[in-house]
Amino acid sequence: MRIWCAMVLATMMAVVSPSLSAAAQDGPVGRWSTVRSADVADRMIQASALDEALGWCMRNRGQLAPQSDAGVWWLAKSIEVQALILRRDAEDPSSMIQSVIEPAESFLRAYPDHSRRWFLRWSIWTARRTVAESTVLDAIQRRGDESLVDRAMRLMLDVERGLDELASRVDDAVQDRRQLLQRLTPPGDDRRDAMIQDLLQLRQRIGIARVSGALLRTELFDPQSRDFVGSAATAVRLAADAAAGLPEGSEARNAMERLWTESLLRAGRLDEARRRLESMDGRSSDPQWMALDIRLAIAEGNLSSALGDLKTFYGGTPSSASSSIAMDGARLRYLMALSESSDAPTDSAAAITWWVDAIGQRHGKFARRRAESLLLADAGDDPGSIASRVELLAISGRDHLRSGRYGEAAESLRAAATRAPAAKLASQYAIQAAVAYQQAGDTNAGARLLGDIAEKHHEYSQAPALALQAIVLQSEADPAIATQTLITELRSMVTSWPGSSQAVSAKQWARTVLERNGQPWRAVDVLAWNPPQHWVPDEIRQAAQIGVRALSNGTEPSSPTPVQDVVSKLLESTDAPEWSDEDAVAALAECLVLFADMSDLRKVTQETKVSLDGLRPPLDVFLRLRQGGKSASMPPPDDADLAKAMAWRLMRDAKDRRGMRRHVAGQLIQWPTLSPDDFAAAERLIWLGRSDEAIALYDAMLSSSPGGIAVLRRAASDLSDSRRGDDWKEAVKLWDRLASGVPQGSDAWYQARLRAAKLYRLSGRASEADKRARYVLLTRPPNDSKLKQAFRALVLTEASDKADK
9 MRIWCAMVLA TMMAVVSPSL SAAAQDGPVG RWSTVRSADV ADRMIQASAL DEALGWCMRN
69 RGQLAPQSDA GVWWLAKSIE VQALILRRDA EDPSSMIQSV IEPAESFLRA YPDHSRRWFL
129 RWSIWTARRT VAESTVLDAI QRRGDESLVD RAMRLMLDVE RGLDELASRV DDAVQDRRQL
189 LQRLTPPGDD RRDAMIQDLL QLRQRIGIAR VSGALLRTEL FDPQSRDFVG SAATAVRLAA
249 DAAAGLPEGS EARNAMERLW TESLLRAGRL DEARRRLESM DGRSSDPQWM ALDIRLAIAE
309 GNLSSALGDL KTFYGGTPSS ASSSIAMDGA RLRYLMALSE SSDAPTDSAA AITWWVDAIG
369 QRHGKFARRR AESLLLADAG DDPGSIASRV ELLAISGRDH LRSGRYGEAA ESLRAAATRA
429 PAAKLASQYA IQAAVAYQQA GDTNAGARLL GDIAEKHHEY SQAPALALQA IVLQSEADPA
489 IATQTLITEL RSMVTSWPGS SQAVSAKQWA RTVLERNGQP WRAVDVLAWN PPQHWVPDEI
549 RQAAQIGVRA LSNGTEPSSP TPVQDVVSKL LESTDAPEWS DEDAVAALAE CLVLFADMSD
609 LRKVTQETKV SLDGLRPPLD VFLRLRQGGK SASMPPPDDA DLAKAMAWRL MRDAKDRRGM
669 RRHVAGQLIQ WPTLSPDDFA AAERLIWLGR SDEAIALYDA MLSSSPGGIA VLRRAASDLS
729 DSRRGDDWKE AVKLWDRLAS GVPQGSDAWY QARLRAAKLY RLSGRASEAD KRARYVLLTR
789 PPNDSKLKQA FRALVLTEAS DKADK
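Residue numbers for the sequence shown, in the working numbering: 9 to 813.
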C-alpha cells in the first residue's frame, strides 16, 4: 500500500516535457524550422539543462520577428522552460508564476487570432500546472491540512479543464487547416503542412499532460477511497485511449506507454504493468523506462533485480553518474525499501538522507522537495514509520545547518516539522528551521512555519510560545510592519491561547505599540482581549497608568464611556468570574474607579466579584466625590498626573450631574497641580458662579490663539451650559462672533446660528429665536433634513406656516 501511495510521486520524478517529435510518417515531416533546432531544446530539458534550454530558446527567438509563427513558437517554448526553472528554484512558484506567463497573455491580448495562439495557451497552462504540482507537494508534506488539499485539488481540476478545452480547440484547428488545404489548387498535403504537424505534436503533449494530471491527482486521496480508485482508473483509461491514437515508434507513443504502465502500477495491477513494460523495445537503454522497471521490481518485492539495474546505470559512484531525475527517484525508492527489509544495512538512514541531498544538488529545490515528499508519502499513516522518516529529514537538515548550507537546512527541517506526528518534535524542528531560514535571509518563511506549527498543535504547551515567536520574527523581518497588522496578529494570538503567559506578553507588547503610536485608549482596552480570569495585577495597573498618562497629556478618550471594552468583558458572562487573586481584584477596582462611568461601576459591582470596598487613599475619597458626596473633602493628590486624571473624571461626572458641579469645582480649584488657565479651569469658574473671571480667561486665550475658532466654540459651549441669564447673553455674543468668522452655509455657521437661537428660546425670548431661525430658513436653508427641522422647531406657529410656503 505504501508503494502505491508514493507511486505518483515517482511519476513526478519522470522527465517533464519529453521530446515529442512529429508522428512517424512516410517521407519528411513539414515543420516551420528544422527538426534539429526544435528538438535540441527538448533534449536539453530531458537532461535537466534548463538554463541552457532557456538560452537556446531566447537565441532562436531573437533571430525572428516577434509576431512570426516561428517567433511565437519560441516564445511559448521559452515560457515552458521558465516555468520549469521557477519550479526548480523558487520556494513559492505561485507568487511568481504570473510574471512568467504575462508575456504570453500580453501577446494574446494584442493578437487574439494569431495562428500560433494555441501554443501560447499551452505554455500558460503548462506554467499553471507547475503551481498545481507544487501545491500537491505541500499537501503531501502537510497531511491533515484539508484546506491545502482542497486548494491543490482545485488547481489540478482547473488545469485539467483548461487542457480539455485546449485539446478541443486544437482538434478544431487541425480540422479547419485540413479543410483549407483541400480547397487549394492543387490540394495541399497535410502530412507536409508545418502548421498541422506542429498542432498534432501539441495535441500529443496535451494528451500526455492529461494522463500525468490524473496520476498526480490520485495522491490527494486515501488509497482506500473511491476517489483514489476512480482517479487511478481514469489515468489508465486516458493512457490507453491516447496511446491507441499515436503512431508506433514515435516518442509520443513511447512517453504515453510509460504513463500507461505507470498508471497500471499505481492502480496495483502489477502483472499487467509487467507485461506492458516487457513488451517495449529499447527500454534497457532509456533511463525513464529503467526507472519504471526498478519501481515495478520494488513493488513486486524483487529488490535484487532493482539493485542490478541500479548498478548498471550508476556504477560505483552514483553522485557522478548521468543526470536523470527519474533514475535518481527510483534509487531513493530502492534505498527506502532496503531500509525496511531484513537485510537493511546499519547506515541505511544515512544513505537515504545523503541521496535526498544529492537529488537537490543535482536537480534543484523542487526536485529535493519531491524527494522529501516521496520519503514522507512512503511512510503511509503509520506513526512509527512517519517518525523515522521525519527524523531522517531532520538529521539531514541539522547537518546542513552545521555546514552552513542554510537554505537546504531550512527546507529539510521545514518538511520534518510539517509532518512530525508529535507536537514536541514538530516544535523542535520548526524552531531549528526558523533559525536556518533566518541565516538564509528568509525570516518571514521561518515566521510562517512557526505560526503554522503552533496552529496545527494548538493544545501543545509550547504552542503559544511558537505563535508569539512567529510574530517577533515577522516584526524583525519587516520593522516597518503596519501597526494595525501587528495588533491584529497579537490579538489573534491572545484569543487563541488566552490563558498562556505568552498572552500576557503579547498584550504588553500591544499596549506599548499602541501608546507609542498615539492610541492610548486602545492600549487601555487591550486588557479586554482575553477573559477576566486571565488578567494579572501588573497588566491592570499598566492599563491604568496608560490612561493616567493620556489624560495628563491632554488626550481624552473619544468615547463618552471610556474602558467600555473592559466593562463589557466583565459583564458578558452570566457567571461571575472566579477571582483567585485579590491583588488583581484591587487593581481592577482602582482602574475602574478612575475611568469608568458611574452607571458602569454600579453594574460591575452588582454583577461581578469586583468590590469597591477598602480602596486605598486617595481613591476612597475620590469615589465618594464621584458618588455625589457633598461633604467629602479631598486633599490634592501628590502625583500631578494622577491629579489631572482625577480632575478629568470628576468634571466628566459633574457635566452629567449638575448638582455636584459647585462642590467638585470648589475641591478642584484648590489643587495646585492643575492648570489655572486652561478650558477646564474656565469651566470650573463658571460652575462656581465666577463667570466674569472665566470670560477674562477665554479672552486671554483668544488673544494668544490666531483665528480662535476652537476657543470661541469651547467658550460659547461652556457658557451655554450654564443656567445663568448673564452667561447666556455672553454665549450668544460668542456664537454670533463665531458665525461671522466662518463661511456662511458651513456646518460651523449653522451650528453657531442654531445654538444662539436656542439660547434666546431658553431665556424666554421666543420672538428673537423665531426671527433668527426664519432668517436662516429664508436666506440660506440647510440641505440636511435634521438640521432644517431643528431650525423649524424654533419658528413660531404662524411664521412656520409662512416658511413652509
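In case anyone wonders, no lab produced these hints; they're calculated from the structure.
Incorrect hints may have been included.
Said to hold, decoys possible - Straight-line alpha carbon distances no greater than 27 Å define the calculated DSSO-like cross-link-like pairs of lysine-lysine that follow: (1) K779 - K663; (2) K432 - K464; (3) K737 - K611; (4) K796 - K741; (5) K741 - K794; (6) K779 - K794; (7) K638 - K611; (8) K796 - K737; (9) K577 - K617; (10) K373 - K464; (11) K611 - K663; (12) K638 - K663; (13) K638 - K577; (14) K737 - K779.
Owing to the predicted nature of the structure, the values given are computational and were not obtained by experimental measurement.
Hints versus structure:
{"no.": "1", "hint": "K779 - K663", "verdict": "violated, 31 Å"}
{"no.": "2", "hint": "K432 - K464", "verdict": "holds, 12 Å"}
{"no.": "3", "hint": "K737 - K611", "verdict": "violated, 41 Å"}
{"no.": "4", "hint": "K796 - K741", "verdict": "holds, 23 Å"}
{"no.": "5", "hint": "K741 - K794", "verdict": "holds, 25 Å"}
{"no.": "6", "hint": "K779 - K794", "verdict": "holds, 19 Å"}
{"no.": "7", "hint": "K638 - K611", "verdict": "holds, 23 Å"}
{"no.": "8", "hint": "K796 - K737", "verdict": "holds, 24 Å"}
{"no.": "9", "hint": "K577 - K617", "verdict": "holds, 13 Å"}
{"no.": "10", "hint": "K373 - K464", "verdict": "holds, 25 Å"}
{"no.": "11", "hint": "K611 - K663", "verdict": "holds, 21 Å"}
{"no.": "12", "hint": "K638 - K663", "verdict": "holds, 16 Å"}
{"no.": "13", "hint": "K638 - K577", "verdict": "violated, 33 Å"}
{"no.": "14", "hint": "K737 - K779", "verdict": "holds, 17 Å"}
Of the hints listed earlier, those the structure fails to meet are numbers 1, 3, 13, in rising order.
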